[in-house]
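J.: Here's the letter readout for the chains.
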Amino acid sequence: MAEKELTPKVKAEAPTKGERVRPGRVFLPAVDIYETPDALVLVADMPGVSGDRVTLDLKDSLLIIQGEIAPPLGPGETWIRQEYSTGDYYREFQLGELIDKSRIEATMNDGVLTLVLPKVERAKPRKIEVKAG
Amino acid sequence: MPLSWWEPEWDPFREFEQLRRRMDRLFEEEFGLRPWWTGVYPPVNISEDHDHLYVRAELPGVKPEDLDIQIQDRSLILRGEKKIPVEKGVNYHRREREAGYFRRVVRLPRPVDPDRVEARCQDGILTITLPKPEELKPRKIAVKTA
Numbered sequence: 001m002a003e004k005e006l007t008p009k010v011k012a013e014a015p016t017k018g019e020r021v022r023p024g025r026v027f028l029p030a031v032d033i034y035e036t037p038d039a040l041v042l043v044a045d046m047p048g049v050s051g052d053r054v055t056l057d058l059k060d061s062l063l064i065i066q067g068e069i070a071p072p073l074g075p076g077e078t079w080i081r082q083e084y085s086t087g088d089y090y091r092e093f094q095l096g097e098l099i100d101k102s103r104i105e106a107t108m109n110d111g112v113l114t115l116v117l118p119k120v121e122r123a124k125p126r127k128i129e130v131k132a133g
Numbered sequence: 001m002p003l004s005w006w007e008p009e010w011d012p013f014r015e016f017e018q019l020r021r022r023m024d025r026l027f028e029e030e031f032g033l034r035p036w037w038t039g040v041y042p043p044v045n046i047s048e049d050h051d052h053l054y055v056r057a058e059l060p061g062v063k064p065e066d067l068d069i070q071i072q073d074r075s076l077i078l079r080g081e082k083k084i085p086v087e088k089g090v091n092y093h094r095r096e097r098e099a100g101y102f103r104r105v106v107r108l109p110r111p112v113d114p115d116r117v118e119a120r121c122q123d124g125i126l127t128i129t130l131p132k133p134e135e136l137k138p139r140k141i142a143v144k145t146a
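Chains as they are written, first to last, in the working numbering: chain D, 1 to 133; chain A, 1 to 146.
So that you can see chain A by itself, here it is in the shape it has in the complex (with noise of 0.2 Å):
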């Protein structure tokens, strides 16, 4: 065994996190591109526990009023705005705040009930919660005994 293991400074977590971070690097730099990388905005995370599936968008800035979330069969469109406003008689230092608009659609894994689906906006973050069907949720089995 490397003398490394027996030093008091090796800490396990800090090379996993290392590690972490040097296969997200991998990804994002080396590759050029990331697993899940559709080149539309805005990217999403998709969630889920045993009753809804969660997707969510980081669209900073962007109002309630400037989205347009529709769903069909397992399709989620999502269109919108991010508005800046222009700010007249200043000078600008930096900007590389963009604004503009988008369409995307997300080809969901899972089918929903489309009822039921709720969206809401905190802290510039859109979190889509979509009720999984009754009949697709996980169900406990018992055992019988003979």
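So here's chain D without its partners, still in its complex pose (with noise of 0.2 Å):
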């Protein structure tokens, strides 16, 4: 067993940009990042984010993540007591490396994204032959 105790965190709301189409708050989701010799990962924390209601866009060196949550409440449900916001998932990130966006690995699991992001092979020096004229 962990040794520590979890204890219970207010979500962090996420900026506003612009005005959204869907209703309700937007949080930033916790992640981690870590950088292997080939490729940075990221993992982040979305409950009630299925697989297909997370878009990832890379644009230059600009990271977006978006995750869409299913309602919190089954039909006809009306709330007791709430303890915890609800609401999608939203954060930018700008990556410090080249990243091979024909390799970029997506996996959901849990209500946790984990993104792989391989990083571009740099180029090799190459030795320039010199040819008598």
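Any given hint could turn out to be false.
To be verified - Straight-line Cα separation of at most 27 Å, DSSO-like style, residue types lysine-lysine; simulated pairs: (1) A:Lys-63 to D:Lys-4; (2) A:Lys-83 to D:Lys-4; (3) A:Lys-88 to D:Lys-119; (4) D:Lys-101 to D:Lys-59; (5) D:Lys-11 to A:Lys-83.
What the hints assert, rightly or not - Which residues of chain D face chain A? A few of them, derived with a C-beta cut under 10 Å, are: (6) Pro-29; (7) Glu-35; (8) Leu-40; (9) Val-41; (10) Leu-42; (11) Val-43; (12) Arg-53; (13) Gly-111.
No lab work stands behind these hints: they were computed from the structure. No residue lacks a Cβ here, since even glycine has one placed at the ideal position from N, Cα and C.
The task is to assemble the complex, starting from two chains supplied on their own in separate frames and drawing on the hints.
T.: Encoded structure:
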């Protein structure tokens, strides 16, 4: 068993950008980002988001992650008490490394998004032959 | 009536949305607490319909085998562990997600039938469905003519 006892945290709200079509609040997912020699790996907690409701966008070096949640209440249900807020997720990252877009892998498991962003292979130094004229 | 009421840009839905956001923020930031803040993990949302009570918790990455749910009279006990695999030979840029264990008791607002309680994990949300006892379900009363 892990040593640490978890404590509840109030979800951080994402800064609003323009007006959204979908009503409701938007939160910043908690993320881990680590780097291996070949890739940048991003892991984000997005409870309530299924694999088909995640949108990823990488333009230049700006990575945008979005996730839409399923409705927090089933049909015909009414609230008795709400200790946590529910809403979609949005977060942006400016990536320092060049990423090979064609090999990006994304998986969604139990509300956790794992994104593997492979680095572009650096141009290898090449020897240039000097021909006799 | 103020002039703004006549302006075409005035959008009552946006106004309501902004008011709601401000109220939420007032609780979360100004007072540093929320109406149902318990300080115990995980926070739960409770709802009901005609036949059931629903207790939900956001537990991203928690496997069903790492959860232990018990019911005792009107106390629902949630215990478990969130495990995050430690990656070896990597360097971290950010580490916001937390691993650890939790143990919480939730006092249920209504009596339930403890024999038919069901729990299910989907997309990182735990939903516990607790049936209301037959004798406590709302009943329709037919009005007879005299």
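J.: Now tell me, hint by hint, if it's right for this structure.
T.: Quick rundown of the hints versus the structure:
| no. | hint | in the structure |
| --- | --- | --- |
| 1 | A:Lys-63 to D:Lys-4 | 18 Å, holds |
| 2 | A:Lys-83 to D:Lys-4 | 11 Å, holds |
| 3 | A:Lys-88 to D:Lys-119 | 19 Å, holds |
| 4 | D:Lys-101 to D:Lys-59 | 10 Å, holds |
| 5 | D:Lys-11 to A:Lys-83 | 20 Å, holds |
| 6 | Pro-29 | 9 Å, holds |
| 7 | Glu-35 | 5 Å, holds |
| 8 | Leu-40 | 8 Å, holds |
| 9 | Val-41 | 8 Å, holds |
| 10 | Leu-42 | 9 Å, holds |
| 11 | Val-43 | 7 Å, holds |
| 12 | Arg-53 | 9 Å, holds |
| 13 | Gly-111 | 2 Å, holds |
The structure is consistent with each of the numbered hints, conforming to all of them.
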